[in-house]
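2 protein chains.
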Amino acid sequence: MKMNKIRSAEIICVGTELLLGQIINTNAAWLARELSLLGIYSYYQTVVGDNAERLTDMLKTATGRSDLIILTGGLGPTQDDLTMATVAAFAGRPMLLHQESQEAIAARFQLMHQRHVPSNNWKQAMMPEGALVLPNKNGTAPGAMLTIPTSDNRAVTLVMLPGPPSEMQPMFSESVRPQLVKCTTTRLKHCFVRMIGIGESAAESRLLDLISSQTNPTVAPYAAEGEVMFRVTQSLGQDEKNNDKTAAVISEIQKRLGDHIYEIGTRSLPEVVKDLLTERGLTVSFAESCTGGMISAALTDIPGASTSFTGCMVAYDKQVKIQQLHVPETVIQDHGEVSEACARAMATGCRDVFNTTYSLAVTGLAGSSGGSAEKPVGLIWLAVAGPKEVVTRQLQLTGSRSRIRRVTVLQALDFLRRQVLT
Amino acid sequence: MKMNKIRSAEIICVGTELLLGQIINTNAAWLARELSLLGIYSYYQTVVGDNAERLTDMLKTATGRSDLIILTGGLGPTQDDLTMATVAAFAGRPMLLHQESQEAIAARFQLMHQRHVPSNNWKQAMMPEGALVLPNKNGTAPGAMLTIPTSDNRAVTLVMLPGPPSEMQPMFSESVRPQLVKCTTTRLKHCFVRMIGIGESAAESRLLDLISSQTNPTVAPYAAEGEVMFRVTQSLGQDEKNNDKTAAVISEIQKRLGDHIYEIGTRSLPEVVKDLLTERGLTVSFAESCTGGMISAALTDIPGASTSFTGCMVAYDKQVKIQQLHVPETVIQDHGEVSEACARAMATGCRDVFNTTYSLAVTGLAGSSGGSAEKPVGLIWLAVAGPKEVVTRQLQLTGSRSRIRRVTVLQALDFLRRQVLT
Chain A
17 MKMNKIRSAE IICVGTELLL GQIINTNAAW LARELSLLGI YSYYQTVVGD
67 NAERLTDMLK TATGRSDLII LTGGLGPTQD DLTMATVAAF AGRPMLLHQE
117 SQEAIAARFQ LMHQRHVPSN NWKQAMMPEG ALVLPNKNGT APGAMLTIPT
167 SDNRAVTLVM LPGPPSEMQP MFSESVRPQL VKCTTTRLKH CFVRMIGIGE
217 SAAESRLLDL ISSQTNPTVA PYAAEGEVMF RVTQSLGQDE KNNDKTAAVI
267 SEIQKRLGDH IYEIGTRSLP EVVKDLLTER GLTVSFAESC TGGMISAALT
317 DIPGASTSFT GCMVAYDKQV KIQQLHVPET VIQDHGEVSE ACARAMATGC
367 RDVFNTTYSL AVTGLAGSSG GSAEKPVGLI WLAVAGPKEV VTRQLQLTGS
417 RSRIRRVTVL QALDFLRRQV LT
Chain B
17 MKMNKIRSAE IICVGTELLL GQIINTNAAW LARELSLLGI YSYYQTVVGD
67 NAERLTDMLK TATGRSDLII LTGGLGPTQD DLTMATVAAF AGRPMLLHQE
117 SQEAIAARFQ LMHQRHVPSN NWKQAMMPEG ALVLPNKNGT APGAMLTIPT
167 SDNRAVTLVM LPGPPSEMQP MFSESVRPQL VKCTTTRLKH CFVRMIGIGE
217 SAAESRLLDL ISSQTNPTVA PYAAEGEVMF RVTQSLGQDE KNNDKTAAVI
267 SEIQKRLGDH IYEIGTRSLP EVVKDLLTER GLTVSFAESC TGGMISAALT
317 DIPGASTSFT GCMVAYDKQV KIQQLHVPET VIQDHGEVSE ACARAMATGC
367 RDVFNTTYSL AVTGLAGSSG GSAEKPVGLI WLAVAGPKEV VTRQLQLTGS
417 RSRIRRVTVL QALDFLRRQV LT
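In order, the protein sequence lines correspond to chains A and B. Just so you know, we're using the numbering used here here: the first sequence kicks off at 17 and counts up by one. Just so you know, we're using the numbering used here here: the second sequence kicks off at 17 and counts up by one.
Keep in mind the hints are simulated off the structure, nothing from the lab.
Sample of chain A residues at the chain B side, in silico, Cβ under 7 Å:
| id | residue |
| --- | --- |
| 1 | L35 |
| 2 | L36 |
| 3 | G37 |
| 4 | S58 |
| 5 | Q61 |
| 6 | V64 |
| 7 | N136 |
| 8 | T316 |
| 9 | C328 |
| 10 | V336 |
Distance condition first, Cα-Cα at most 27 Å in a straight line; then the derived DSS-like pairs of lysine-lysine:
| id | chain 1 | residue 1 | chain 2 | residue 2 |
| --- | --- | --- | --- | --- |
| 11 | B | K76 | A | K76 |
| 12 | A | K205 | A | K21 |
| 13 | B | K205 | B | K271 |
| 14 | A | K261 | A | K271 |
| 15 | A | K205 | A | K261 |
| 16 | A | K153 | B | K391 |
Derived DEER-like restraints, expressed as beta-carbon distance ranges:
| id | chain 1 | residue 1 | chain 2 | residue 2 | range |
| --- | --- | --- | --- | --- | --- |
| 17 | A | R170 | B | S418 | 37 to 43 Å |
| 18 | B | E268 | A | Q339 | 49 to 55 Å |
| 19 | B | K76 | A | T202 | 27 to 33 Å |
| 20 | A | Q95 | B | G274 | 20 to 26 Å |
| 21 | B | Q270 | A | D275 | 55 to 61 Å |
| 22 | A | L127 | B | G274 | 26 to 32 Å |
| 23 | A | P151 | B | W138 | 54 to 60 Å |
| 24 | A | P151 | B | G352 | 28 to 34 Å |
| 25 | A | R203 | B | R81 | 36 to 42 Å |
| 26 | B | L298 | A | A389 | 32 to 38 Å |
| 27 | A | E216 | B | R81 | 36 to 42 Å |
Computed from a predicted structure; not experimentally measured. Just so you know, even glycine gets a beta-carbon here, dropped at the ideal spot from N, CA and C.
Could you build all of it, start to finish, from the sequences and the hints given here?
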């Protein structure tokens with residue numbers, strides 16, 4: 017597909033449920049981030065309903081001011097899913113049946129053991145003439161890319177993606193990004209420095225001079241819950257040799273914040289922990305109370321976790337702590353379930369039960385109820401039992417129940433990582 | 017302030033950090049929901065950067081098509097905060113110093129024990145001539161409401177609100193909503209029907225006549241991963257008594273899809289399961305393999321889960337299944353870990369270990385590797401052990417590893433729900 021040079025982009029999210037505020041629009045932010053990583057700046061984000069007339073108006077406006085327009089949503093099988101047909105009509109292209117997509121849809125329903133494909137699903141195999149069809153590995157709706165001329169003799173590329181993030185994100189990463197890379201005017205080289213155990217403003221103040229003075233590469237904070245991330249971005253001319261200006265800046269950041277950094281690159285904390293354990297041939301198990309399985313879920317979200325992770329005991333009930341993790345009843349009587357002693361006993365018991373090199377235990381008060389003056393909501397005890405010793409750590413977190421739980425997962429995995437490294 | 021009748025609205029969120037995807041736009045969804053509850057339908061949501069020229073273009077477009085325009089963001093003290101000045105210029109109104117706002121700002125800094133007010137904060141007391149000023153109890157930036165005539169002799173109301181939700185939401189509720197109520201023509205009443213175990217298009221085809229013929233209330237599908245949702249919306253005249261036209265439609269939907277419906281209302285599936293167990297005084301435990309603790313995490317995300325949920329064994333490793341859940345080694349030798357027999361044994365063992373009324377077990381292949389022709393990725397076995405019997409169910413899911421895991425969680429919880437209900 018012949019494409020235009022892309023300087024400016026905009027994002028159009030189609031869906032009446034967005035206009036009614038029934039779901040929060042996370043696609044626009046995700047796509048905006050991905051585009052900015054490619055050096056493409058998006059000047060507008062628009063949400064429009066499943067309405068052909070208003071979507072057509074939007075396409076007129078957008079094609080008049082942007083080189084790239086990414087649309088999400090409205091590719092479903094239902095009557096009000098009309099993005100593909102509206103774009104085709106706007107571009108003056110007929111809708112043609114796309115053989116492979118038709119077969120993919122049939123295969124998908126067969127996989128789901130549904131012999132009969134609902135007739136309206138076939139609509140999802142209709143594509144604008146001349147479009148590059150983007151396969152959907154996670155749903156029935158394929159996407160499409162179409163480059164068309166504008167009235168003022170430019171070329172505009174339209175990208176139609178499905179609405180569900182679980183379908184949209186992999187489709188963008190696998191099929192759209194590789195196309196866009198060819199069309200950007202500058203190449204950006206990003207390096208992420210990810211850290212835990214320091215506040216954003218504290219970290220920023222230590223890098224203030226770099227953030228304000230650096231021009232190439234630039235250093236910018238990057239919002240992320242429960243951790244702090246900085247993006248070091250070097251821009252390379254299209255043909256410029258890959259001369260690395262980033263390394264020096266990175267090592268300066270390491271000099272100032274090294275102790276907090278868990279990753280220089282793109283791996284998430286669970287990935288880093290999983291890789292560390294695998295490299296060293298270590299095994300791990302968890303004993304979770306207030307996090308209720310979230311730490312285990314986070315680690316097993318990484319393919320290949322099974323090489324180091326054996327199992328987890330979610331000990332939500334006191335009796336489970338006593339009977340399954342062999343926490344002495346006296347410990348709970350004397351100190352309570354949310355205590356250093358209980359966390360320590362949970363980790364030790366967990367290590368025996370699962371027979372692993374390390375065991376991580378978490379007990380705390382996630383809220384919203386159950387707090388006291390002495391033990392407020394947000395009080396968390398972590399313990400790691402290893403070959404040499406059992407170490408513990410106290411956290412005092414703030415925010416909603418879900419936030420406290422999510423931040424605890426990160427803090428706990430980082431605590432485990434530090435113990436493995438010492 | 018004399019205001020126009022409001023039929024259509026749109027929301028404009030101003031902020032470069034939104035365009036870069038550094039923060040997710042929750043304001044648009046929150047405002048859209050508030051407006052729809054007032055019977056004001058918003059046809060567009062736009063995000064534009066802190067840029068006077070592009071914001072002015074946006075205002076031209078928006079005032080041309082909507083009766084009400086709500087802007088959020090760009091009311092801060094810094095140089096790039098230019099929403100108020102841009103709107104004033106667009107409306108041809110001079111900016112005047114607003115005495116009370118100036119005093120409020122001074123008082124606020126005194127509260128923060130800062131004697132000296134930064135000079136650029138005074139800018140926040142400058143308001144467009146003729147605007148209704150909206151006090152800010154949670155920040156320094158007051159908002160404003162301004163009704164102006166359009167070129168086509170309509171009147172358009174512009175509302176400027178601060179960006180932080182903690183300031184924007186109370187300002188809307190306390191100062192804006194009371195004004196809008198006077199100008200709306202209808203009120204809307206929404207009801208949601210949530211179901212699992214049926215595809216979106218299959219469900220819709222059974223309701224096609226309702227979706228297409230119903231005018232009040234309207235029935236519309238609503239996208240959600242792993243489940244299907246329909247929204248039933250009744251519009252009530254301003255003075256109309258709350259005569260319920262919704263109930264009849266709901267019961268018609270129940271007649272056609274009742275078996276798949278798990279909730280008529282707003283509760284999520286984990287909430288429904290937790291409430292069901294609590295009401296009946298039942299306890300539950302889980303044995304998770306491929307979901308790695310996600311089911312347990314989902315249930316414990318609901319406050320009060322502890323009354324019915326005791327614990328979970330994440331048996332990721334074969335030995336854990338054998339030693340902790342007492343799955344006979346022969347079962348695994350003969351049938352493998354991903355098999356009906358293994359799921360059945362896991363559920364039975366789990367029920368003994370945790371001594372609960374019900375136990376739910378899950379074992380399967382989430383991918384991305386490990387699949388075979390006989391046992392493809394996406395093959396999942398569920399088992400529920402209860403007081404009377406052990407029942408099993410097979411799933412064949414498609415998509416990414418994370419999608420397969422997320423959908424399995426919903427299917428497993430629904431399977432448990434159905435067993436409890438039988």
